[in-house]
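For the sequence shown, our numbering gives the first residue as 823, with consecutive numbering after it.
Be aware that one or more of the hints could be misleading.
Distance condition first, Cα-Cα at most 20 Å in a straight line; then the derived EDC-like pairs of lysine to aspartate or glutamate [stated by the list, open to error]: (1) Lys843 <-> Asp824; (2) Lys843 <-> Glu825; (3) Lys843 <-> Asp830.
Here are the computed distance ranges between Cβ atoms for each label pair [as the list claims (entries may be wrong)]: (4) Asp824 <-> Asp863: 34 to 44 Å; (5) Ala862 <-> Met823: 36 to 46 Å; (6) Asp863 <-> Gly842: 40 to 50 Å; (7) Ile872 <-> Met823: 14 to 24 Å; (8) Ala838 <-> Tyr870: 19 to 29 Å; (9) Asp873 <-> Leu826: 40 to 50 Å; (10) Ala871 <-> Gln836: 29 to 39 Å; (11) Ala862 <-> Thr841: 37 to 47 Å; (12) Glu864 <-> Lys843: 34 to 44 Å; (13) Asp840 <-> Ser865: 22 to 32 Å; (14) Glu864 <-> Asp840: 39 to 49 Å.
Treat the hints as calculated values from the structure; they're not laboratory data. Heads up, the beta-carbon is just placed ideally off N, CA and C, and yes, glycines get one too.
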Amino acid sequence: MDELVVTDTIPLTQDALDTGKIRQLSIAELVAETIRRIIADESVSSLYAIDD
Numbered sequence: 823m824d825e826l827v828v829t830d831t832i833p834l835t836q837d838a839l840d841t842g843k844i845r846q847l848s849i850a851e852l853v854a855e856t857i858r859r860i861i862a863d864e865s866v867s868s869l870y871a872i873d874d
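Please model the entire structure based on the sequences and the hints provided.
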């Protein structure tokens, strides 16, 4: 495996960060937009749709 991509929902250990093979992506914008849509009574399903 060349790289493992994870989200920032849990902190990584220093050992994991030091491998250089783990890329951590933030989901902050996705969570914020989900909350905004729920408050505005809008659909959230399109946020999680897979584009072909």
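Here is what the structure says about each hint:
Restraint check for Lys843 and Asp824: satisfied, since their Cα atoms lie roughly 6 Å apart, inside the 20 Å limit. At roughly 5 Å between alpha-carbon atoms, Lys843 and Glu825 fall within 20 Å of each other, so this suggested pair holds. Between Lys843 and Asp830, the direct Cα distance comes to roughly 15 Å. Compliance with the 20 Å bound is thereby established for this hinted pair. Checked against the given bound of 34 to 44 Å, the beta carbons of Asp824 and Asp863, roughly 43 Å apart, stay inside it.
At about 40 Å, the beta-carbon gap between Ala862 and Met823 stays in the expected band of 36 to 46 Å. Distance hint for Asp863 and Gly842: a CB-CB separation of about 44 Å, consistent with the stated range 40 to 50 Å. In this structure the supplied range 14 to 24 Å holds for Ile872 paired with Met823, their Cβ-Cβ distance being about 22 Å. Range check, Ala838 to Tyr870: about 26 Å between beta-carbon atoms, so the 19 to 29 Å window is met.
For the hinted restraint 40 to 50 Å between Asp873 and Leu826, the CB-CB distance of approximately 23 Å leaves it violated. Distance hint check: the CB atoms of Ala871 and Gln836 are about 36 Å apart, consistent with the given range 29 to 39 Å. Between Ala862 and Thr841, the C-beta spacing of about 41 Å keeps the proposed range 37 to 47 Å intact. A beta carbon spacing of about 38 Å between Glu864 and Lys843 agrees with the range 34 to 44 Å that was offered as a hint.
Judged by the Cβ atoms, the range 22 to 32 Å given for Asp840 and Ser865 is violated: they are separated by roughly 41 Å. Range check, Glu864 to Asp840: about 41 Å between beta-carbon atoms, so the 39 to 49 Å window is met.
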